[in-house]
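Those sequence lines, one after another, are chains D, X, H and A.
Quick note on numbering: the first sequence equals residues 3 to 225 in our numbering.
Quick note on numbering: the second sequence equals residues 3 to 225 in our numbering.
Quick note on numbering: the third sequence equals residues 3 to 225 in our numbering.
Quick note on numbering: the fourth sequence equals residues 3 to 225 in our numbering.
There's no promise every hint is true.
No copy is singled out in the list; a pair is fine if it fits within one copy or between any two copies.
Unchecked claim - Calculated pairs, BS3-like style, for lysine-lysine (alpha carbon to alpha carbon, straight line, at most 30 Å):
no., residue 1, residue 2
1, Lys22, Lys174
2, Lys112, Lys174
3, Lys211, Lys102
4, Lys171, Lys211
5, Lys102, Lys214
6, Lys185, Lys112
7, Lys171, Lys22
8, Lys112, Lys157
Hints listed in this document are in silico derivations from the structure and should not be mistaken for laboratory results.
Protein chains: 4
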Amino acid sequence: MLDTPIIIVNFKLYSQASGKNAIALAKHLEEAALESGKNVAIAVNSLDFDNVKREVNIPVLLQHVDAVGFGAHTGRINLELAKEHGVDGILINHSERRLKISDIEYLVSKAKELGIKTIVCTNNPRVSGAIAALEPNFIAMEPPELIGGDISVSKARPEAITETIEVVKRVKDVPVLVGAGVKSGEDVRKAIELGAKGVLVASGITKAKNPKEATLDLISGLV
Amino acid sequence: MLDTPIIIVNFKLYSQASGKNAIALAKHLEEAALESGKNVAIAVNSLDFDNVKREVNIPVLLQHVDAVGFGAHTGRINLELAKEHGVDGILINHSERRLKISDIEYLVSKAKELGIKTIVCTNNPRVSGAIAALEPNFIAMEPPELIGGDISVSKARPEAITETIEVVKRVKDVPVLVGAGVKSGEDVRKAIELGAKGVLVASGITKAKNPKEATLDLISGLV
Amino acid sequence: MLDTPIIIVNFKLYSQASGKNAIALAKHLEEAALESGKNVAIAVNSLDFDNVKREVNIPVLLQHVDAVGFGAHTGRINLELAKEHGVDGILINHSERRLKISDIEYLVSKAKELGIKTIVCTNNPRVSGAIAALEPNFIAMEPPELIGGDISVSKARPEAITETIEVVKRVKDVPVLVGAGVKSGEDVRKAIELGAKGVLVASGITKAKNPKEATLDLISGLV
Amino acid sequence: MLDTPIIIVNFKLYSQASGKNAIALAKHLEEAALESGKNVAIAVNSLDFDNVKREVNIPVLLQHVDAVGFGAHTGRINLELAKEHGVDGILINHSERRLKISDIEYLVSKAKELGIKTIVCTNNPRVSGAIAALEPNFIAMEPPELIGGDISVSKARPEAITETIEVVKRVKDVPVLVGAGVKSGEDVRKAIELGAKGVLVASGITKAKNPKEATLDLISGLV
Chain D
3 MLDTPIIIVN FKLYSQASGK NAIALAKHLE EAALESGKNV AIAVNSLDFD
53 NVKREVNIPV LLQHVDAVGF GAHTGRINLE LAKEHGVDGI LINHSERRLK
103 ISDIEYLVSK AKELGIKTIV CTNNPRVSGA IAALEPNFIA MEPPELIGGD
153 ISVSKARPEA ITETIEVVKR VKDVPVLVGA GVKSGEDVRK AIELGAKGVL
203 VASGITKAKN PKEATLDLIS GLV
Chain X
3 MLDTPIIIVN FKLYSQASGK NAIALAKHLE EAALESGKNV AIAVNSLDFD
53 NVKREVNIPV LLQHVDAVGF GAHTGRINLE LAKEHGVDGI LINHSERRLK
103 ISDIEYLVSK AKELGIKTIV CTNNPRVSGA IAALEPNFIA MEPPELIGGD
153 ISVSKARPEA ITETIEVVKR VKDVPVLVGA GVKSGEDVRK AIELGAKGVL
203 VASGITKAKN PKEATLDLIS GLV
Chain H
3 MLDTPIIIVN FKLYSQASGK NAIALAKHLE EAALESGKNV AIAVNSLDFD
53 NVKREVNIPV LLQHVDAVGF GAHTGRINLE LAKEHGVDGI LINHSERRLK
103 ISDIEYLVSK AKELGIKTIV CTNNPRVSGA IAALEPNFIA MEPPELIGGD
153 ISVSKARPEA ITETIEVVKR VKDVPVLVGA GVKSGEDVRK AIELGAKGVL
203 VASGITKAKN PKEATLDLIS GLV
Chain A
3 MLDTPIIIVN FKLYSQASGK NAIALAKHLE EAALESGKNV AIAVNSLDFD
53 NVKREVNIPV LLQHVDAVGF GAHTGRINLE LAKEHGVDGI LINHSERRLK
103 ISDIEYLVSK AKELGIKTIV CTNNPRVSGA IAALEPNFIA MEPPELIGGD
153 ISVSKARPEA ITETIEVVKR VKDVPVLVGA GVKSGEDVRK AIELGAKGVL
203 VASGITKAKN PKEATLDLIS GLV
């Protein structure tokens, strides 16, 4: 279930998290979830989705879905089709796949109608406030300059976390996740202390020598 | 001044509103503003901006500015440069130039810092609510399916106007303009009655046989 | 095999050609291919790809692949991953998914390296000539104004077909397919007579009451 | 005139080359052109275009023009309007403003019809070959990884220059300019020796302490 507190691992298109590696990695993360009894979800690419979904019992999200219905759309997938494939939720507006505001609104509204959970990524507190008005299930705030880096948002920009939570709460009480540079249980613990309901991570897990251990370390911060 | 109630005329890239025609049209609209004593502003393309700005004393907006600072950006213009050229305000996120939410936030924040007024276009009540959280100077809601058509938003979708105003007010009290298909003083009067602070029009004026008369007709609805 | 003459059916995101319907439709087309002994290939969306590929023995293409390698790319798929999934070929630059020229070049070059066939879509003879210089396996010329319509390119724009073939041949002898509005064996026969090596179709098959019969009708024109 | 050999200076959106600074810089470059008797052209942003064009007698290009005609296009400019403003030529598909192949073809064809010169930027030899088939007035090849850097294309990738010229010549004999990292007369001389007909530069001139001297230095390589 997409319940908080939660660790969401974005597989991106890392070679360590694509194709056969995506299935292996997903199983390691499922083990970490089972052993710890905590919530762990993963976001995979569309081509690998079915293969991964079939193999694990943790929530599997799509990293992107297009804001279209059925029809003459070449090279696109939509929410209705994602639902038929059993998707648990979707990432929307990730830093590496920014969307127009009209498309974000369409996706959040349509997903709610279809019973699909939505995590809308944002780049700062003000954008988070705007997104809160759309009432997605989660907002994941990631300062772009820290994504993929070595210093976590918890350490580098703690005030961005608290400000995001305040600004969001003023508009609508949507749970806030944070991300960017998150690598350790300490980073997670700090984020939770600041009011976050979980973290969105990528390279910290996908590139770890032992992804299961790395995930258990992150989970240790979910206090 | 960009005061309400207001008629904002988007020149788009209509031949009747570009190049020398842009200057002539701007003067007709200035006359209508002077005769009526009401607020009329115009939004022109970047190439015509200086020529039009030099010739009239009504507010001249840019139809689009890119969300970048100074630097290695080819084929872009920014707010700092627009300010040097004396811009009064900018349209952001028009239906024909939709932007990413992160870019809308950047433009609204930077424009406020520079003293440039912002009109953010939206396509429905929910998107309007999200934009309200960014606190632009105006929100201009236009149902895309009615833009350029013969039936005005006031007649075809009055409930979209009232709903937009309600949703926006709940987040932040930003003045709401409406647009799409607006052609007559009656359309404007209806919009104002529903709570709008003005209208955003284009073909209704740019393609009118007598643009000054057509503008005076719209103005008659600004009661 | 992607041999000529060929009928390529683009499933787009039509409800009749997505999810479970994609598999059923693919089987009908496979039957038509087997009965006629002619070349029929299909292009499906990324989420349905594995399911369809597993069920049929005709070539299955992807409708779009992103021009990136492995790495920090959220919501993207690439050629290396498509190859691991057993893709036979890819559509590039379809009218509903136009690409930058630098991305088209990357995809054609990388696909050649990986042994994946490429069909680059173009909108007119001149663009076809430019694409020919990149030496994809096929060029599929479709006048945008005829796509999804009732009049076929063979009838409405025969001169565009002959001109495309001439312009392409002058640069590099890449086989030319044509598409847009193709609905009957007569349309196909005409295209072949004009020098095309096959057709790219979509709604003519995906929306047919009896897709197998409709495909056999098209095939009858592959003389 | 846009004759070869030529130095084209892209002002980009550098603060040193925007607004009032654009006019001052343009005059320095005009002096360098007059003193040396060589061809120097400049590419400026749309907002500054008229101001710069009015002040100098060297060719003034636009950095980007949209691939649309007149009509309901907000925040766009087109070739017809650029012609009315007296444009001498346009950059198309710069690395910082990449375009779809269908838009490049439209712009090159329409510009030819209107008597506007075209310089299409490309990122490698193969893309250059494709563009040659469209017969623009010039192709400007710039390896993206060297743009804005300290090592010139002449030194870092001489083989990319010769290969581009060969590939282009095989398709159509369009004059080839090169760019990226060009900073000295020596860089220019090397490019010309390799067969280039000129260079496209930006930061090397716009950020120079003495832009006129820096341009005269570049010009010294136009042997």
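Provide an ascending list of the numbers of those earlier hints which the structure does not satisfy. The structure conflicts with hints 1, 3, 4, 5, 6 and 7, although it agrees with all the remaining ones.
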